[in-house]
Amino acid sequence: MTRLGLALSSTALALSAIATVAATETPAPTPDRKSPDFATQIRPILSKYCFACHGPDEAKRKAGLRLDTREGAIARNQEGQAAVVPGDIPASMLLNRLTTIDMDERMPPKAEPGPNTAEQALLRQWIATGAPYAEHWAFVAPQRPAKPAVSDEAWARNDLDRHVLASLEAQGIKPQPEATRETLIRRVSLDLTGVPPTLAEIDAFVEDKAADAYERVVDRLLASPRYGERLATPWLDAARYADSHGFQQDDERSMWRWRDWVIEAYNADMPFDRFTLLQTAGDLLPDASPETILATGFHRNHRISAEGGIDAEEFRIEGVFDRAETTATVWLGLTMNCARCHDHKYDPIRQQDFYRFAAYFDSIDESGIRGAERSAAPILRLPSPADAERTTTLAAAVTAAEKELATLKSATPPATKDALAVAQSALAAARKARDAFAEGVPEVMVLKERAKPRETYVLERGAYGHRGARVEAGTPGFLPPLPADAPGNRLALARWLTDPANPLTARVQVNRFWEMLFGAGLVATLENFGSQAEPPSNAALLDWLAVEFREHGWSTKRLLRTIVTSATYRQSTAAPADLIARDPANRLLARGPRFRLTPEMIRDQALAASGLLVERIGGPAIRPYQPASSWDGGPGSGNLNNYTPATGDDLWRRAVYVIWKRTQPPPGMVAFDAPSREFCNVQRLRTNTPLQALTTFNDITTTVAARMLAQRIMGEAATPEERLTLAMRHVVSRRPDAAELGILTAGLKRRLDRYAADPTAAATVLAEGTPPPPHTFPPAELAAYAQTCALILNLDETLTRE
Amino acid sequence: MNPINSFQDQVLRRAFLKRSAGGIGMMALASLLGRNLAAAETISGNERLGLPHYAPKAKRVIFMHMAGAPSHIDLFEHKPQIEKLRGTNLPPSVRNGQRITGFTSGQKTLPVAPAHWPFKLCGPSAMPISNLLPELQKIAGDVAFVRSMHTDAINHDPAMSFLQSGSQLPGRPALGSWLSYGLGTVNADLPAFVVLVSRGAGRPQESPVYDRFWSSGFLPGEHQGTRFRAGMEPVPFLANPTGVAPADRRDQLDDLGTLNRHRLASLHDSDIATRIAQYELAFRMQTSVPELLDLSKEPREVLDLYGLDVQKPGSFAWNCLMARRLAERGVRTIQLSHVGWDHHENVVDQLPRQCAEADRPAAALITDLKQRGLLDDTLVVWGGEFGRTIFTQGGNNGRDHHPRSFTIWMAGAGIKAGAVVGETDDFAYNVVRDPCSVHDLHATILDQLGINHEKLTYLFQGRKFRLTDVSGVPIAGVLA
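One line per chain: the protein sequences are A and B, in this order.
Just so you know, we're using my numbering here: the first sequence kicks off at 1 and counts up by one.
Just so you know, we're using my numbering here: the second sequence kicks off at 1 and counts up by one.
It should be emphasised that the hints constitute simulated quantities derived from the structure, not laboratory data.
Don't be surprised by glycine CBs; every beta carbon is placed ideally from N, CA and C.
Don't take every hint at face value.
Straight-line distance between alpha carbons at most 25 Å, and here's what the computed BS3-like set of lysine-lysine pairs gives [said to hold, decoys possible]:
no.	chain 1	residue 1	chain 2	residue 2
1	A	K403	A	K417
2	A	K417	A	K147
3	B	K312	A	K110
4	A	K110	A	K34
5	A	K60	B	K455
6	A	K62	B	K370
7	B	K57	A	K110
8	B	K120	B	K312
9	B	K370	B	K57
10	B	K57	B	K297
11	B	K312	B	K297
12	A	K110	A	K147
13	B	K57	B	K312
14	B	K84	B	K108
15	A	K60	B	K108
16	A	K62	B	K138
17	A	K174	A	K147
18	B	K84	B	K57
19	B	K455	A	K110
20	A	K403	A	K448
21	A	K34	A	K174
To give an idea of the interface, some chain B residues facing chain A are shown, with a C-beta separation under 7 Å as derived from the structure [claimed, not checked]:
no.	residue
22	D255
23	G257
24	L281
25	L303
26	N397
27	V470
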């Protein structure tokens, strides 16, 4: 008896029937009840338990049964049986096989877990009501949902709130009141700029009685150049941006002008469709300029090998696939990489679709391998006007020196040996000066098509060297088609990505921004909107945001303003324990989001609170304090070795500029779940580990920040209570309560006693890092304050946005 | 059930997993057990099956990765029958069009070069072991050899990635991360997955191995391998800032804990409780890690077993002794990466130097574990990411990368001592009997730890991923 076929012996059928009867002891479906929503309730169950063998992948489909289409589900086999017989539960083999107690018959096989009773009840209800199919929700373009009715009209500040409140009221839950002004300004400042507010900003907001006080804070933050620096980080993760090439010989590369372009684009609120167009096809525009070509650096951020003995073509193709997969993840939320070796198991992505998509990126004028230079062609050089002038001057100097030498060599009478030597060394020096300057002129790897396009082939089982059918560039067949007259190039792809008919792009983007502000996406899996994705926690809200984003010029600033000015966002994070127990992950949004800061924010916050932060936008990567062992690759591992921190201002610039060596990324960032940037990442996890505690307590950056914060508060106030209150305000934006202040001042007193008794210990504690403390502060007192500030910089509240 | 993990560990973990809301106390405890499942559970909806799946034979793994790929030809492949063909061109029927790397694809000839050193037949199965490995010869009876390993990759980076994570592409969790995720740790004061890297004298200029090879991939970050470096700071940021004594830190932590608990009382956020616990664990690590690295109490005869280099922090010998000390302390996965085997030229000079350094400590580790009874529940694996070619590369006795066949050995818990699995053809080129893939090796390791490799999965991008991807069968011939 095979477990593959639907053909059943009468014995097995009888057994199944018994099992079905046993299982239907849960309430029988009432025929007049409406059918469960296929897209959000039924497809996820079928996808989870059935599609791996009875889904879109034709090659691996078992028993010829296909359950991802209604046609397949109701088709009758040779015995006249069907998986689904609409309206007839006993005749539907699907339920029999999922619920039978006969383990030879039961699906899924191999004792894999099957649907639970709630899921079984949904399936029964669905079959009883006619088993209607619908397209996967994410593959149907979002429409503006109707404005929901709510009873608490006063609470909702905008339509976003109405969508949240409608779902809360349906469950009888009340939202939380607005957070305190201190909490709110810290929350929104960190969220939008990555830097906490200053005391003056806090005071101004707390005292501002105007109705739009908060909105004006938001507008100020969105206009701050810090906004672009903050928004850039998630995009750099997605774009796998790094300052080194990756692989074994992990040499430094020079892509920072592209990183600066991203920051500038966010600050200028470049519409997302334009942002997409430039990065995907900025080189192909009729009016292409260095600026639009620079944007295509997005697709050259992947790793490039220089390993000896590799097959360059194999690695070139790997880079092409990386671009296709990254585009599918970042714009479409599709796991298209699954279709590299076979048809997708869950989504209607054919293997051909993957190669057609990859074909858009296959004709770049590149080799797949790099040499000793910092960049691999195609390259865009970006000299400033001053750079260009200097380059010309230095080139002219070389020419002059060459001419001089040539003249001497052909002179009659012959020039002296000494004269020749002088001219030769002058030429060498001129060349050296020219080359050294050229090394410093920014250049970026970009996209450029070859004169003759490559032919793209399917690779059988995804294996290099196993060519299958030839394919032309195109988009996946199950998504809206390209216009008939669209060119077969990246320009068409870019326009298709942001076409109003595209069901995915806008939803995928707003969902990522939502996660940035609420700690979890409305669709929990930011990287996957396919049939295996959990349905959105609030589908109407997701669609409303997507339509708003698209219809208001794809303005990111407007979208973020809508979200952060909502009553939903402004809620307090404190909530009754029973609400937290009922909804630990806050999917209902009945309270404010509370979650750990990014490592970038943790660093920048310490620098800002202590007054160390040096703000200068853009430029080559910086080297902050980091353990010397951070780069211990040794010989053969490339030119980033023996990590040496910078001196001066570059120690104190924002985290977004910290040099990123892919094979050994900054240890303090990795401890807080930053990705390696070796490949596209759109969702950072938020773990809580002992290595994080070691990082924030022992990194020299914290030590110096704690000392500088101590100096700052000692200069700003006189009593311990006033000073420690200020320290708390600089770091977490609020005043400590009496109990907290009591603990802090008692601790300070103990440390004052300790360091007064041991001046050597005080001097040692103050000695680490630059700049050294001025002599105006008594060392014992400064050390005691510094150690107390260090613990404030480690409070859970400090590491969290509340 | 589970005879090995402590009852307490199991009960606590199961109890935790059953609680959807994750009560504060349990959450903190779960973190101490090396797991913070809240994020994974609520975000991805992973359902974890009870682990181990069946009674494990091994509690832990020591994986000695010989990075760069040792020459199986010279160390384990005794082929006297082709000695007469030395220097002649490799018969094309042997290679049969299989790809070779860019190092040798341009060569006019591929001259056959059987092993350059004599062998001794060792152990109950008369396994040929090169005289370059005299210490391994002595313990051959404790070891099982697999001569029929093969891999899919021909370059180091993808091949090492494959060996460590079951995938040539970056982004998949390493073996040790899977074990940390699946089995947790039994020592709350040390990470569950520790990595030690050393550089051999065979080819000092060779590229090292990278953090990615012990990355937790899509698994939560606490499962990533922690590399202990040689020297003053084995873990980044382990040491207090200059001048901050342990008592000073304790004093800070006490205040920090009081303030955090104060906050917890008003916010009810269990993450605060977890953070308090993690700061305490960090403090304990500041003691437990230096204690681990302090060899002053090791008896003379044990140090002598590992050889002179054992006193040199960061040497392979020091790392091998450290592996035993980590095993004693209950660390789940101990990975040693020993660089220096990539002999593209001058095997005759480089391989003896590399072996002279690497042979004794590896054998000493087996002996040391055995003497202490630790070999009974510790699985030890030794091997490179691929083999090397029978034919010469270049003009100076080099050997190129060879993915079609190579040899590894295993010892300890559940392994049939003295077994030899598989066979290659006359040129040690293709496997002719019992081929074993990297997935098979991984399946074997998981099996010894009581894990069905098909069932330790993690839902990511809508798909259940596993260490062995879509294949793998435990290697029956090495199982006791």
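Evaluation of the provided hints:
Taken as a hint, the K403 of chain A and K417 of chain A pair is honoured in the structure, with Cα atoms around 17 Å apart against an allowance of 25 Å. Restraint check for K417 of chain A and K147 of chain A: not satisfied, since their Cα atoms lie roughly 91 Å apart, outside the 25 Å limit. Straight-line distance between C-alpha atoms of K312 of chain B and K110 of chain A comes to about 51 Å, which puts the hinted pair past the 25 Å bound. Simply put, K110 of chain A and K34 of chain A have alpha-carbon atoms about 34 Å apart, too far for the 25 Å limit, and the pair is violated.
At roughly 20 Å between alpha-carbon atoms, K60 of chain A and K455 of chain B fall within 25 Å of each other, so this suggested pair holds. Taking the CA atoms of K62 of chain A and K370 of chain B, the gap is near 49 Å; set against the 25 Å cutoff, the hint is violated. For the hint linking K57 of chain B to K110 of chain A, the alpha-carbon distance of about 24 Å falls within 25 Å, and the restraint holds. For a cut-off of 25 Å, the pair hint linking K120 of chain B to K312 of chain B is broken: about 31 Å separates their Cα positions.
A C-alpha spacing of about 15 Å is found between K370 of chain B and K57 of chain B, which places the hinted pair at or below 25 Å, so the restraint holds. Distance hint between K57 of chain B and K297 of chain B is unfulfilled; the C-alpha atoms sit about 30 Å from each other, more than 25 Å. Pair hint K312 of chain B plus K297 of chain B holds up; C-alpha atoms about 16 Å apart against a cutoff of 25 Å. Proximity of K110 of chain A to K147 of chain A is assessed by CA-CA distance (about 47 Å); at most 25 Å being required, the pair is judged violated.
Straight-line distance between C-alpha atoms of K57 of chain B and K312 of chain B comes to about 33 Å, which puts the hinted pair past the 25 Å bound. About 21 Å separates the Cα atoms of K84 of chain B and K108 of chain B, which keeps this hinted pair within 25 Å; it holds. With a CA separation close to 44 Å, the supplied pair K60 of chain A and K108 of chain B exceeds the 25 Å bound. At roughly 53 Å between alpha-carbon atoms, K62 of chain A and K138 of chain B are farther apart than 25 Å, so this suggested pair is violated.
Between K174 of chain A and K147 of chain A, the direct Cα distance comes to roughly 19 Å. Compliance with the 25 Å bound is thereby established for this hinted pair. Taking the CA atoms of K84 of chain B and K57 of chain B, the gap is about 46 Å. The hint is violated against a cut of 25 Å. In summary, the hint linking K455 of chain B to K110 of chain A is supported, as the alpha carbons are separated by about 10 Å, within the 25 Å threshold. The hinted pair formed by K403 of chain A and K448 of chain A fails the criterion: a straight-line CA distance of about 37 Å is larger than 25 Å.
For the suggested pair K34 of chain A and K174 of chain A, the alpha carbons sit about 28 Å apart, so the restraint of at most 25 Å is broken. Given the 7 Å rule on beta carbons, the hint for D255 of chain B holds: about 4 Å separates it from the nearest Cβ of chain A. The interface hint given for G257 of chain B is violated, since its Cβ lies 10 Å from the closest Cβ of chain A, which is over the 7 Å cut-off. Because the smallest distance between the Cβ of L281 of chain B and any Cβ of chain A comes to about 4 Å, under 7 Å, the interface hint for this residue holds.
Contact between L303 of chain B and chain A, as hinted, is not supported at the beta carbon level, the nearest pair being about 26 Å apart and thus beyond 7 Å. For N397 of chain B, the interface hint is violated, since its Cβ never comes within 7 Å of a Cβ in chain A; the closest pair sits about 17 Å apart. With a least beta-carbon distance of about 10 Å to chain A, the hint placing V470 of chain B at the interface is violated under the 7 Å criterion.
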